[in-house]
Structures are given as C-alpha cells and as structure tokens.
Amino acid sequence: MMMKQAPKPHFRDEDAVSSALIGLVRDSSTRLRLLKPFPAIRVVLRSDVSPSEGFDKVSLVSGGGSGHEPGQCGYVGRGMLTAAVCGDVFASPSAEAVYRAIKATAGPKGCLLIVMNYTGDRLNFGLAAERAKAEGVKVDMIVVGEDVSLARKKTGRRGLAGTVMVHKICGAMAERGDSLEEIVRIGQACADAMGTVGASLTTCNIPGQPPDDRIAPGELELGLGIHGEPGRERRPAGTSREIAALLCDEVARPGRNEYFEASADEDVVLMVNNLGATTPIELGALARHCCDHCQSDLGLRARRLLVGPFKTSLDMVGVSVSLMRARAGDADLLPLLDACTDAPAWPRGATEEPPRADDDGGIFRDEGR
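Residue numbering for the sequence shown follows the numbering used here, starting at 206 and increasing by one per position.
Calculated directly from the structure, the hints in this document are not laboratory data.
All C-beta atoms, glycine included, are put in the ideal place defined by N, C-alpha and C.
Hints may be right or wrong, so weigh each one.
[Unchecked claim] Below, computed lysine to any residue pairings styled on SDA-like, alpha-carbon distance capped at 25 angstroms: (1) K314 x S233; (2) K308 x A555; (3) K338 x V294; (4) K308 x R357; (5) K314 x V294; (6) K343 x G228; (7) K343 x P416; (8) K343 x R381; (9) K314 x R362; (10) K314 x V254; (11) K343 x L328; (12) K338 x R357; (13) K343 x L239; (14) K241 x P313; (15) K338 x P256; (16) K338 x A356; (17) K314 x M346.
[Stated by the list, open to error] Quick list of the computed label-pair ranges, beta carbon to beta carbon: (18) P459 x E558: 41 to 51 angstroms; (19) R553 x T484: 20 to 30 angstroms; (20) T484 x S233: 25 to 35 angstroms; (21) K338 x T444: 30 to 40 angstroms; (22) P313 x P415: 44 to 54 angstroms; (23) L332 x P415: 29 to 39 angstroms; (24) A555 x T484: 14 to 24 angstroms; (25) G534 x G361: 34 to 44 angstroms; (26) P435 x R570: 41 to 51 angstroms; (27) T484 x D218: 40 to 50 angstroms; (28) T484 x D293: 43 to 53 angstroms; (29) P552 x G423: 27 to 37 angstroms; (30) E463 x G331: 19 to 29 angstroms.
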C-alpha cells in the first residue's frame with residue numbers, strides 16, 4: 206500500500222509561483238518564455254511564438270490554479286499548448302491574464318481554450334473569450350470534466366488528470382494545421398470518451414494553512430478532488446493491488462458510475478497519475494497492478510500506459526487512474542497521442558503498447574548463453 210507520511214516542511218518563498226515559473230523557463234531543457242507584464246500576469250509561452258506577429262496555427266491556451274505542477278505550464282510546447290495561464294495556488298487566473306494570453310497567441314486560425322470544469326476557471330476563461338471575440342478574434346472553448354466519482358445530483362464533474370490527454374490530442378491536431386472547428390469537434394469527443402477517479406492516503410497541505418487530517422492513518426479516501434475537496438467515502442487502504450483494482454473498477458466496470466464504462470476487448474489508454482507525494486516505487490507498483498487488472502479482470506486492451514506526475518496536488522500521497530477510449534467518434538486517437546511534442550512534462554517515447562507480463566516475448570527475456 207502507499208505509505209502515509211507526516212506533514213512535511215516546505216521551502217519558503219515570498220512568491221513561490223512566480224519563482225517556480227522563472228525556474229521553469231530558465232531550465233535548459235525547456236523552450237519557454239514568460240509574457241510581460243510578469244508577474245502581474247503569469248503566462249508561459251512557447252519560445253517560437255511572437256506576440257507581435259501572431260501564430261500561423263490554431264493556438265491552444267489552458268491554465269488554472271498553481272499547485273498542480275507540471276500542469277498546465279509543463280505542457281506548453283510544440284505539439285501541445287501554445288500558452289498556459291497560471292493563477293495563485295488553487296486559485297483561478299484572472300480574466301485579464303487569460304485575455305492577454307489569447308491576444309498574444311491568436312492568429313488568423315483562431316484560439317482554443319481548454320478549461321477544467323471549475324467555476325472560477327470557467328468564469329474567467331469565458332469572460333476573456335467574450336472580450337477577445339468582441340475584438341474580432343476567433344475563439345472557442347472546451348470544458349473538461351472527466352471525474353466519475355460523484356453522482357450527477359451531487360456536483361458537476363471535476364476536471365482531473367485526463368485533461369492532459371486532451372491537451373495532447375488537440376495539440377497534435379493544431380500542429381499539423383487542422384482548423385479550429387475540427388480540433389473542437391475531436392477534442393470534445395476525446396474529453397467525453399474518458400473517466401478519472403482518484404484516491405489518497407492524505408489531503409494536501411497548503412503552505413500557510415493548518416493541515417487537514419480528516420483521513421486517519423490506515424484509511425484511503427476515494428474520489429477526493431485535486432484541491433483537497435472531500436471525496437465519496439473513506440475506507441481501509443488495503444494493498445497496492447487492491448487499490449489498483451478499486452480504482453480501475455470505479456472508472457470502467459459497467460454500473461459503477463453514471464458517466465463512463467468500457468466494454469471487454471475495447472482499446473483504451475491507461476494513465477496512472479501521481480498526485481504529488483507518492484514515491485516512484487509505489488507508483489510503479491500501482492501502475493503494474495492497474496495494467497494487469499484492466500487486461501486480465503476487465504478484459505480491456507491497454508494500448509498505451511502513461512505513468513507519472515501529470516497533474517498533482519502539492520504533497521498529496523495519492524494516485525488517480527484515467528481511462529480513455531482509443532477511438533472517439535470517427536477519430537483514432539492513438540496517432541495523435543503518439544505525435545511528437547517538445548512539451549517538457551510529456552513522457553518521451555510513450556508510443557508503444559505495454560507488453561503483457563504472461564506473454565512469450567513480453568516483459569521477460571531468456572537468460573541466453
């Protein structure tokens with residue numbers, strides 16, 4: 206099982222968000238820049254985008270509160286986002302910042318906003334879009350809310366780690382020159398073809414706020430949000446194998462949720478996301494058991510397995526599991542998922558089907574001579 210940790214001390218910084226963004230763009234492995242006036246607005250741009258000249262493809266702008274790194278700024282790059290707008294920790298960016306990101310990136314082909322389903326994000330991105338439209342800019346918006354953990358009567362579906370796959374699909378389409386209308390059509394179909402659920406042994410500790418200790422030692426909370434919002438239930442944590450089976454069943458087994466299910470023999474993409482403080486060895490074990498359960502117990506064909514910190518929640522000791530159908534409407538999503546990108550946080554070489562553990566020629570090799 207994932208090991209529960211005591212609350213950790215933090216490296217203190219008067220403006221950790223701005224400092225982190227400066228560190229990101231100065232990293233030699235990234236090709237990113239910051240839009241002025243920084244830090245009055247915090248917008249990360251591709252270095253090959255000139256705000257004075259516009260962009261010759263559909264620009265993709267996303268964003269939201271900080272504290273979920275590498276999302277969204279880590280997904281800025283060729284083949285993914287054109288820009289990301291960053292708010293304070295767990296706080297939506299201002300409509301003004303979003304508007305400036307649109308104006309800095311939108312060319313004749315227009316701009317697509319990819320927004321997670323939270324009230325502040327929808328409001329501020331929507332206001333910015335309307336302002337830009339009034340000035341003649343072609344803008345559209347996709348809202349992603351793929352959480353399957355809460356019933357429809359409880360709350361709207363929250364945007365979670367599956368949003369990153371929408372960035373990748375839409376980014377590949379934009380890079381090859383597709384129209385705004387076509388990207389919106391396939392991007393929305395992609396967002397509708399996935400489900401995510403999370404579970405954690407702790408909530409997240411926000412610097413400057415008292416710790417939330419509602420999850421007792423040995424307990425697991427199912428369905429909590431990436432801002433520490435209460436989940437659906439708390440239960441004994443169990444082993445990594447049991448946690449993996451629980452999460453995969455919650456997403457895909459017929460009748461377990463009101464939004465998404467996957468049929469036996471269906472091709473899917475499996476994402477196992479570190480919510481922040483799960484150790485790599487624990488995440489690897491969870492990924493193994495998730496892949497095994499999807500293939501052996503649910504009968505799914507996991508065509509891609511993506512493992513890592515895609516969208517975190519500060520220091521939360523938890524994991525989320527996302528499943529996306531490999532086809533959405535008339536679109537084969539795998540070539541778009543496999544297309545090249547230089548976004549720093551997207552895993553390199555994630556273009557192969559995971560081998561089965563029980564196949565000859567699979568994950569094992571003979572000793573040889």
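### Message
Between the beta carbons of E463 and G331, is the distance compatible with 19 to 29 angstroms?
### Response
Holds - the Cβ-Cβ distance for E463 and G331, about 26 angstroms, lies within 19 to 29 angstroms.
### Hint check for T444 and K338 - Cβ pair distance inside 30 to 40 angstroms
violated (52 angstroms)
### Restraint check for K338 with R357, where alpha carbons must lie at most 25 angstroms apart
violated (32 angstroms)
### 41 to 51 angstroms as the expected CB spacing between R570 and P435, which holds or is violated
For P435 and R570 the Cβ distance comes to about 47 angstroms; the hint holds.
### Query
Given the hinted pair K241 and P313, is their alpha-carbon gap at most 25 angstroms?
holds (22 angstroms)
#### Entry: Pairwise hint evaluation, G228 against K343, where the allowed Cα distance is 25 angstroms at most
violated (33 angstroms)
### Message
I want to verify a distance hint. Is the separation of the beta carbons of T484 and D293 within 43 to 53 angstroms?
### Response
violated (28 angstroms)
### Query
Straight-line Cα separation of K308 and R357 no greater than 25 angstroms?
Distance of about 36 angstroms is beyond 25 angstroms: violated.
### Query
Would the pair K314 and V254 pass a check requiring their Cα atoms to be no farther apart than 25 angstroms?
holds (14 angstroms)
### Query
Taken at face value, is the distance from the CA of R362 to the CA of K314 at most 25 angstroms?
The hint is violated at about 30 angstroms.
#### Entry: Straight-line alpha-carbon gap K314 to S233, limit 25 angstroms
Violated. K314 to S233 sits at ~31 angstroms, over the 25 angstroms cutoff.
### Beta-carbon spacing of R553 to T484 - inside the hinted bounds 20 to 30 angstroms or not
holds (21 angstroms)
In summary, the numbered hints that this structure violates are 1, 2, 3, 4, 5, 6, 7, 9, 12, 16, 18, 21, 25, 27, 28.
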